[in-house]
Amino acid sequence: MIRSGGTSLALTALVLALAALLPLAGSPYWQSIGISIAMFAVLTTSWALFSGPTHYISLATAAFFGVGSYTTGMGIELLPYWCLPPIAGVLGAAMAALVGLATLRLSGVYFVIFTLGLAELVRQIIIWFQNFSGQKGLYVLTKITEAQIYWQLLGLAALVYLAGWAIGRSRLGFALRIIGDDEQVARHSGINTARAKVALFMISGAAAAVVGAILAPRYVYIEPATAFTPMLSFQVVIMALLGGTGRLWGPVVGVIPFTFLWEAISSSFPNQTTLLLGVCFLVIVYVLPRGFVGLIEAVRRRVAAREGVA
Amino acid sequence: MTGAPPTLSLRGATKRFGGLVAVNALDFDVAEHEVMGLIGPNGSGKSTTLNLISGALGCTAGTIALRGVPIHRLAPQDIARRGVARTFQLVRLLPSMSVLDNVRAGAVFGHRRRWGDDAEAQAMRMLELVGLGRRAQAPVGQLTYIDTKRVELARALAGDPKVLLLDEWLAGLNPTELQEGIALIRRLRDEGRTIVLVEHVMDAIRSLCDRCVVMSSGTKIAEGTPQQVLADPEVIRAYLGDDDA
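Chains X and U supply the protein sequences, listed in that same order. Per the working numbering, residue 1 is the first one in the first sequence, and the count goes up by one each step. Per the working numbering, residue 1 is the first one in the second sequence, and the count goes up by one each step.
Same shape as in the complex, but just chain X (with noise of 0.2 Å):
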């Protein structure tokens, strides 16, 4: 598990070099479905690095891809875009190490309560400055192309499988499968237990501010409601239960399959989303508590077992 490497990385940039041949077929309905994936599959599988082995559920993507969203509206006028997105994952890194510091020594629920509540409150942020400013919002104007987007969002993509492999490799990587097993075996063992998490919580957060930042010109039009919308942080950790977090791949094998149920219920039931999509939480729960992962490897183990009977 630790040795394999060199096939899944050359199999997950040939899955992303076909995807990224999206674009070509020019159907606007399948661009903006496969931008839908490509954010999801950066936000819940940079969730999954630090969540997965863990079990801190955080529910701050939502905070990190509000800061990153306002880090292109605000700089856009003043910056050019190519640097915005670097620059929101600096800030997302540094929110995640200022949270993660502050309440990685919390046990979990407090842990969860306190993420929920850290969008809400750079949020509330926002809305004070603006009171002074008396704006609403925020306009980006750029000519980015979503296909453009699509791309920067693939390539972010790469960089989170890549870091992601090369974390499960390391010693950070073991030293977190540690932490999600005993926190107290973790520090007598002489792991650095607080500096684990916060390292892989700031790498989660700079992910989710790059993806806020590459997303905002598509928007055109940000404001605090829509950037911070605690729904999004929810959307991803339902999609990364419903993969799996046990392996790198786990997340976006949740993230397909729920983007085109969002999709089909976003469209018929406009009025019930919130509803449904608890009700899609709780059926993932009880029916898939380890996700498709662990439907997928308990469906190999019992057909290896058969095969070593026979």
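No false leads were mixed into what you were given.
Label pairs and their in silico Cβ distance ranges:
{"hint": "1", "chain 1": "X", "residue 1": "Leu162", "chain 2": "U", "residue 2": "Ala138", "range": "32 to 38 Å"}
{"hint": "2", "chain 1": "X", "residue 1": "Arg290", "chain 2": "U", "residue 2": "Ala138", "range": "20 to 26 Å"}
{"hint": "3", "chain 1": "U", "residue 1": "Gly18", "chain 2": "X", "residue 2": "Thr274", "range": "45 to 51 Å"}
{"hint": "4", "chain 1": "X", "residue 1": "Pro257", "chain 2": "U", "residue 2": "Gln142", "range": "33 to 39 Å"}
{"hint": "5", "chain 1": "U", "residue 1": "Gly141", "chain 2": "X", "residue 2": "Leu98", "range": "37 to 43 Å"}
{"hint": "6", "chain 1": "X", "residue 1": "Thr229", "chain 2": "U", "residue 2": "Gly58", "range": "40 to 46 Å"}
{"hint": "7", "chain 1": "X", "residue 1": "Ser267", "chain 2": "U", "residue 2": "Gly58", "range": "56 to 62 Å"}
{"hint": "8", "chain 1": "X", "residue 1": "Ala97", "chain 2": "U", "residue 2": "Glu234", "range": "54 to 60 Å"}
Derived by calculation from the structure, the hints in this document are not laboratory data. Each residue gets a CB set at the ideal place from its N, CA and C atoms; glycine is no exception.
Given the coordinates of chain X, assemble chain U onto it according to the supplied hints.
Below, chain U alone, put in the same frame as chain X:
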């Protein structure tokens, strides 16, 4: 003896929980290659003392030094890195991992840090040492009770600690397992490891310990060879009460 500081040295080590003094101004030294037994009735503060040494709890007062360097203000992970490894009174394994990965955790992050093949080879050596070489790939959920204890011991040993703390490592074993367990710890002793063990099993204390510290209600009441302390009237009174002394 020589001028070198003892491997482990406690001076006035004290732990208070509110009004309760769990460990009261405890002094003792552990020399290199020595096996020190920490004994006493239930609730006398033995496990708390181990928790103070390993950093699980902070000292209210006093100092603890490892080869002359104070460690009592450090976090558990820093104490572990400096060379204090421990097992837990209630066995703590990493449930999602194989036996080998459990031990690798100690080899990768302990006092002497290894990585890759080196860490794996070290983990295998430790598993052979505790007699679990053939179960390396087994999930820890399938192990018998004594085998879980062996895994925990191997994990603690894998980082080449300067001091090994064993918290009732022999407790809960059946008579056959107990003989195996004592033989295993004697092997560690013969390798020249420095060990502090909290133990109730008197056979083990007599056959394994160079010296013992006896605690009662948080205070040291005797120190010496097992024969000396077990004959001490104060010790007998602590264990059995006034009438029998």
